[in-house]
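**Q** Start from chain A and add chain B according to the hints.
Protein chains: 2
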Amino acid sequence: MKLTLYTDYSLRVLIYLASKPKEELSTIKEIADSYKISKNHLMKVTYELGKMGMIETIRGRYGGIKLAKDPSEINIGKLVRRTEEDFELVECFGKHNSCVITPVCGLKNALAKALNAYLAVLDGYTLADIVTNPMEYRMLFQEQLRPDTDH
Amino acid sequence: MKLTLYTDYSLRVLIYLASKPKEELSTIKEIADSYKISKNHLMKVTYELGKMGMIETIRGRYGGIKLAKDPSEINIGKLVRRTEEDFELVECFGKHNSCVITPVCGLKNALAKALNAYLAVLDGYTLADIVTNPMEYRMLFQEQLRPDTDH
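Line by line, the protein sequences give chains A and B.
Residue numbers for the first sequence follow this note's numbering, so the first one is 1 and each next one is one higher.
Residue numbers for the second sequence follow this note's numbering, so the first one is 1001 and each next one is one higher.
Bound conformation, chain A alone (with noise of 0.2 Å):
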């Protein structure tokens, strides 16, 4: 029970920006080395995140992106919820079924609920839950970021 690549970083790009000042731009490059993961990756994860109104871009020279709602208005539940397209726990919650016992298969159900209970959970979070002590993240992706340290 793995959450997509994709919700793992829209998490990180979003906590990276809410450890920030309000208002300060940051870049996908400075994330990327900040938490040591793909910039392509993040590319497309920051396009994603804009397109779903959480994140703002800035254009030009000076130009970065910052969080476009305040951390307290970001749900962690309605992300992950957009952010991992279909939840399929076994085949039949997918697309492609060919589970023979579709019809009449008492499972479905017990999962769909089960999912229900951790969403409903991760509903009861916003950002701002999540990044309650901004100073103590920063510290860290400073620590990644500084030229001389051999990490």
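No lab work stands behind these hints, which were simulated from the structure alone.
In this text, all values refer to a predicted model and were calculated from it rather than measured experimentally.
All C-beta atoms in this analysis are idealised placements derived from N, C-alpha and C, irrespective of residue type, glycine included.
It is possible that part of the hints are untrue.
Partial chain B-side listing against chain A, Cβ under 10 Å, derived [stated by the list, open to error]:
1) D1008
2) K1036
3) S1038
4) I1058
5) Y1062
6) I1076
7) L1089
8) H1096
9) S1098
10) G1106
11) L1115
12) L1140
**A** Okay, now just chain B, sitting in the frame of chain A:
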């Protein structure tokens, strides 16, 4: 968010066996043919289910497998906890974690609570709750096994 194929197939084997009249033996080939899935995959799955004490293997020419317990004694949450091995929702749940914000991140806690809620729902189900209608399952399986069908 997907359960492993191992969990999926473990559930399918148990459902198959629970659909049979008590004490009737099934073969792995028959289960594989019924679901149209690989017999090799099921070999490993049935071996592990045997180790967990959920199914029993009778050796010999007329041998086969059957449930080692009543379906009402096989808990779905307990099974999924065992077959999923690790619940690596995101990187920091696993052994090879290199996410830099791990020491301060509030997300892991939120995801762990969500996972607990997910499993708590499954703890409320036994195999008997999933297979309340064994005859209906049997009809679907028999249809797959009939030699004159061109499935």
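**Q** Hints the structure violates: just list their numbers, smallest first.
**A** 3, 4, 5 and 8
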